[in-house]
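Residue numbers (the numbering used here), protein chains in the order written: chain X, 1 to 377; chain D, 1 to 196.
By construction, these hints were calculated from the structure, which means they are not laboratory data. Worth double-checking, as some hints may not be accurate.
[Said to hold, decoys possible] Listed next, the in silico PhoX-like pairs over lysine-lysine satisfying Cα-Cα at most 25 Å (straight line):
no.	chain 1	residue 1	chain 2	residue 2
1	D	Lys99	X	Lys330
2	D	Lys189	X	Lys329
3	X	Lys243	D	Lys38
4	D	Lys58	D	Lys47
5	X	Lys288	X	Lys60
6	D	Lys194	X	Lys330
7	X	Lys243	D	Lys35
8	X	Lys242	D	Lys38
9	D	Lys140	X	Lys60
10	D	Lys58	X	Lys330
11	X	Lys329	D	Lys53
12	D	Lys99	X	Lys329
13	X	Lys357	X	Lys260
14	X	Lys60	D	Lys194
15	X	Lys243	D	Lys43
16	X	Lys60	D	Lys99
17	D	Lys189	X	Lys330
18	X	Lys60	D	Lys189
19	X	Lys329	D	Lys58
20	X	Lys260	X	Lys242
21	D	Lys140	D	Lys72
22	D	Lys58	X	Lys243
23	D	Lys72	D	Lys38
24	X	Lys304	D	Lys189
25	D	Lys72	X	Lys242
26	X	Lys191	X	Lys288
[Unchecked claim] Derived contacts from chain D toward chain X, CB cut-off under 7 Å, selection only:
no.	residue
27	His86
28	Ser89
29	Ser91
30	Val93
31	His106
32	Tyr110
33	Asp112
34	Arg117
35	Ser150
36	Glu152
37	Phe153
38	Leu176
Idealized CB from N, CA, C, for every residue including glycine.
Take a look at the letters that make up each chain.
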Amino acid sequence: MNKELPPGLALQKVDERIMTLNVGPQHPGSGHMRIIVQIDGDFIVACDPDPGYVHRGEEKMAEYRNYITNIPHLERPVIHDSCNVLYPYVLGVEELLGIEVPERAKYIRVIASELNRCVYTMYWLAIYGIFLGHSTMFMWPAGDRELLIDLLEKMTGARVTHAHFVPGGVRNDLPPNFEDVCLRQVNYFEKRIKEYAAIFYDNPILIARTANTGVLSREDAIRLGTTGSVLRASGVDYDLRKKEPYDVYDELDFQTNVLKEGDSYARSKIPWLDMMESCRIIRHALQKMPKSGSVRVKLKPNPKGGDASVYKRVESGRGSLGCYIVSDKKPEPYRVKLSVGSFRNLIALPYLLKGEKLGNMPSVYWSLNYWPVEADR
Amino acid sequence: MSSDSDNEQIEATSDAKSASAKTSPPSEKEIELPKFEKGLADKIVEKFGTRIKVAFVKPDRVRINVGRDDVKEVAEFLRDVLNFDHAESVSGVDYPQDKEIEVVYHLGSYTDSSLARQILVLATRAQREENPIPGNDTTKLPSLREIFYSVEFHEREIFEMFGVYFQGHPDNRRLLLPEDWADLPPLRKDFAIKGR
Numbered sequence: 001m002n003k004e005l006p007p008g009l010a011l012q013k014v015d016e017r018i019m020t021l022n023v024g025p026q027h028p029g030s031g032h033m034r035i036i037v038q039i040d041g042d043f044i045v046a047c048d049p050d051p052g053y054v055h056r057g058e059e060k061m062a063e064y065r066n067y068i069t070n071i072p073h074l075e076r077p078v079i080h081d082s083c084n085v086l087y088p089y090v091l092g093v094e095e096l097l098g099i100e101v102p103e104r105a106k107y108i109r110v111i112a113s114e115l116n117r118c119v120y121t122m123y124w125l126a127i128y129g130i131f132l133g134h135s136t137m138f139m140w141p142a143g144d145r146e147l148l149i150d151l152l153e154k155m156t157g158a159r160v161t162h163a164h165f166v167p168g169g170v171r172n173d174l175p176p177n178f179e180d181v182c183l184r185q186v187n188y189f190e191k192r193i194k195e196y197a198a199i200f201y202d203n204p205i206l207i208a209r210t211a212n213t214g215v216l217s218r219e220d221a222i223r224l225g226t227t228g229s230v231l232r233a234s235g236v237d238y239d240l241r242k243k244e245p246y247d248v249y250d251e252l253d254f255q256t257n258v259l260k261e262g263d264s265y266a267r268s269k270i271p272w273l274d275m276m277e278s279c280r281i282i283r284h285a286l287q288k289m290p291k292s293g294s295v296r297v298k299l300k301p302n303p304k305g306g307d308a309s310v311y312k313r314v315e316s317g318r319g320s321l322g323c324y325i326v327s328d329k330k331p332e333p334y335r336v337k338l339s340v341g342s343f344r345n346l347i348a349l350p351y352l353l354k355g356e357k358l359g360n361m362p363s364v365y366w367s368l369n370y371w372p373v374e375a376d377r
Numbered sequence: 001m002s003s004d005s006d007n008e009q010i011e012a013t014s015d016a017k018s019a020s021a022k023t024s025p026p027s028e029k030e031i032e033l034p035k036f037e038k039g040l041a042d043k044i045v046e047k048f049g050t051r052i053k054v055a056f057v058k059p060d061r062v063r064i065n066v067g068r069d070d071v072k073e074v075a076e077f078l079r080d081v082l083n084f085d086h087a088e089s090v091s092g093v094d095y096p097q098d099k100e101i102e103v104v105y106h107l108g109s110y111t112d113s114s115l116a117r118q119i120l121v122l123a124t125r126a127q128r129e130e131n132p133i134p135g136n137d138t139t140k141l142p143s144l145r146e147i148f149y150s151v152e153f154h155e156r157e158i159f160e161m162f163g164v165y166f167q168g169h170p171d172n173r174r175l176l177l178p179e180d181w182a183d184l185p186p187l188r189k190d191f192a193i194k195g196r
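In isolation and in its complexed conformation, chain X is listed as follows:
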């Protein structure tokens, strides 16, 4: 099971057959990061990911701002998934301050975070499609994504960077008639993404290119500490929405998607299957949501946490997203650490690419559901 992992290219002896190739940081195929690969002919013998080109010091900035003014900048690492990236921070601050959130706000949060998960996944799917040379798969998700962005715009007032979750609830109540519009759009959206099976997921060319490439076994997925779709594509049933339900996820009806193959194809299929579950969750939440009531507990200005630390995690579009907050009785957090899915899954990249053909690099890399800006924070 254990392929030997490269200990970093600096430590490796290079013989003259081996060529070192920099992919990125400007190359669109790598996102905002550099992947240094060593190739022997067409085969990758070693790979060294070099992230950090979009490191913005979110964690340092968080130490200079108070618990509330931290909200708009902490969502920046993944603006397409901004609700989910704020979620653990907001849950953590609520535990530190001892706030109980109104029931209606919990449902609004769940709806917003599921919509956001779909928006993120559609963006990722568009890029995954175009890097496999399937330009229709770029156009369709990019277009269908607008349906949900319109919904989120109605809900929060912003298309992408919502900053909608606040400690104590959500910023605004839903606009009038939102439930009907949301139901209609989500039903149409679900119908659309089911059509992707015919054009993309059942496409023999896609299957030929991605099945059996970059196989991650169950043992290694656990050992490397991967998360989210990478983990569930390798046969580990672990979704925090089921395992450690936050807000009202334990009252909603959905299932987790697990595949056993562990290859690029399975890894790219899980987020798509998840989107259909998201539609189910949204419909069920709309039905169960209290029709009226407060959506926010108002806090004192400049709330202070106690002398405590808290670690909260949620299931984001890229897997478990944890937030560790240390408070020292000041209005600003003493330390905020974001443990993000992208950063945790990156460790699998050198492992998966070793022995792979160079032409398979984009499909393996994007199947990791990696978002460079999130990994760098």
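Starting from the known structure of chain X, fit chain D onto it as the hints suggest.
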């Protein structure tokens, strides 16, 4: 949970009558410790006695503080006996007034379904120097990479951000910072943001 009176909230915004909107003030008296988590903490205490300190036992979270000489042994026990199999997160926290840097491992388990909700927080502290020379001063800790493979990149990040050198880590290079970074490790408290 804190009993700080600053934390009490004022009335709910729009609908003060709504029962669910009521705030719960931090409770004064100690709540009964959760059973499962208490059991976990007891197993560790039974094995290591006074060499470790249980910092808190909360629902789904147990935190233990360990000295830097014992951290590897404790981590091995957590993996082999208690079935924690991966690190979710590794954070550094700088405490200049204590002259120490804390490294906090958040461990979880995929294989043991009874531990699916649990996070075991393993904290240890390294000595901190005023004028750090990352890698060549006394700010060192044993690496847990041999025990938990998943800490590899996390420990590299802490090395560059806090200057904590992990002994036994196979790949002590920078990860996120530029190659020509020649300032203090940036997440230390004495590295100040300009204009603040």
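Consistency of the hints with the structure:
1. Lys99(D) - Lys330(X): 21 Å, holds
2. Lys189(D) - Lys329(X): Holds: Lys189(D) and Lys329(X) sit about 17 Å apart, inside 25 Å.
3. Lys243(X) - Lys38(D): Holds, because 20 Å separates the two Cα atoms, which is no more than 25 Å.
4. Lys58(D) - Lys47(D): Holds. Lys58(D) to Lys47(D) sits at ~21 Å (cutoff 25 Å).
5. Lys288(X) - Lys60(X): Outside the cut-off at roughly 40 Å; violated.
6. Lys194(D) - Lys330(X): 21 Å, holds
7. Lys243(X) - Lys35(D): 18 Å, holds
8. Lys242(X) - Lys38(D): With a Cα-Cα distance of about 23 Å, the restraint between Lys242(X) and Lys38(D) holds, given a limit of 25 Å.
9. Lys140(D) - Lys60(X): 22 Å, holds
10. Lys58(D) - Lys330(X): 23 Å, holds
11. Lys329(X) - Lys53(D): 23 Å, holds
12. Lys99(D) - Lys329(X): 20 Å, holds
13. Lys357(X) - Lys260(X): Given that 25 Å is the threshold and the Cα spacing comes to 23 Å, the pair holds.
14. Lys60(X) - Lys194(D): The given pair, whose Cα atoms are some 12 Å apart, holds under the 25 Å limit.
15. Lys243(X) - Lys43(D): Holds. Lys243(X) to Lys43(D) sits at ~23 Å (cutoff 25 Å).
16. Lys60(X) - Lys99(D): 20 Å, holds
17. Lys189(D) - Lys330(X): 15 Å, holds
18. Lys60(X) - Lys189(D): 9 Å, holds
19. Lys329(X) - Lys58(D): Holds, because 20 Å separates the two Cα atoms, which is no more than 25 Å.
20. Lys260(X) - Lys242(X): OK: Lys260(X) and Lys242(X) at ~19 Å, within 25 Å.
21. Lys140(D) - Lys72(D): 13 Å, holds
22. Lys58(D) - Lys243(X): Judged against 25 Å, a Cα distance of about 17 Å means the pair holds.
23. Lys72(D) - Lys38(D): Measuring from Cα to Cα gives roughly 22 Å; hence the hint holds.
24. Lys304(X) - Lys189(D): OK: Lys304(X) and Lys189(D) at ~20 Å, within 25 Å.
25. Lys72(D) - Lys242(X): 32 Å, violated
26. Lys191(X) - Lys288(X): 23 Å, holds
27. His86: 4 Å, holds
28. Ser89: OK, holds: Ser89(D) within 7 Å of chain X, min 3 Å.
29. Ser91: 4 Å, holds
30. Val93: Holds: closest Cβ of chain X sits about 5 Å from Val93(D), inside 7 Å.
31. His106: 6 Å, holds
32. Tyr110: For Tyr110(D), the interface hint holds, since the closest Cβ of chain X sits about 5 Å away, which is under 7 Å.
33. Asp112: 11 Å, violated
34. Arg117: Constraint on Arg117(D) satisfied, holds at 5 Å.
35. Ser150: 3 Å, holds
36. Glu152: Check passed: Cβ of Glu152(D) comes within 6 Å of chain X, closer than 7 Å.
37. Phe153: 5 Å, holds
38. Leu176: Because about 4 Å separates Leu176(D) from the closest Cβ in chain X, which is inside the 7 Å limit, the hint holds.
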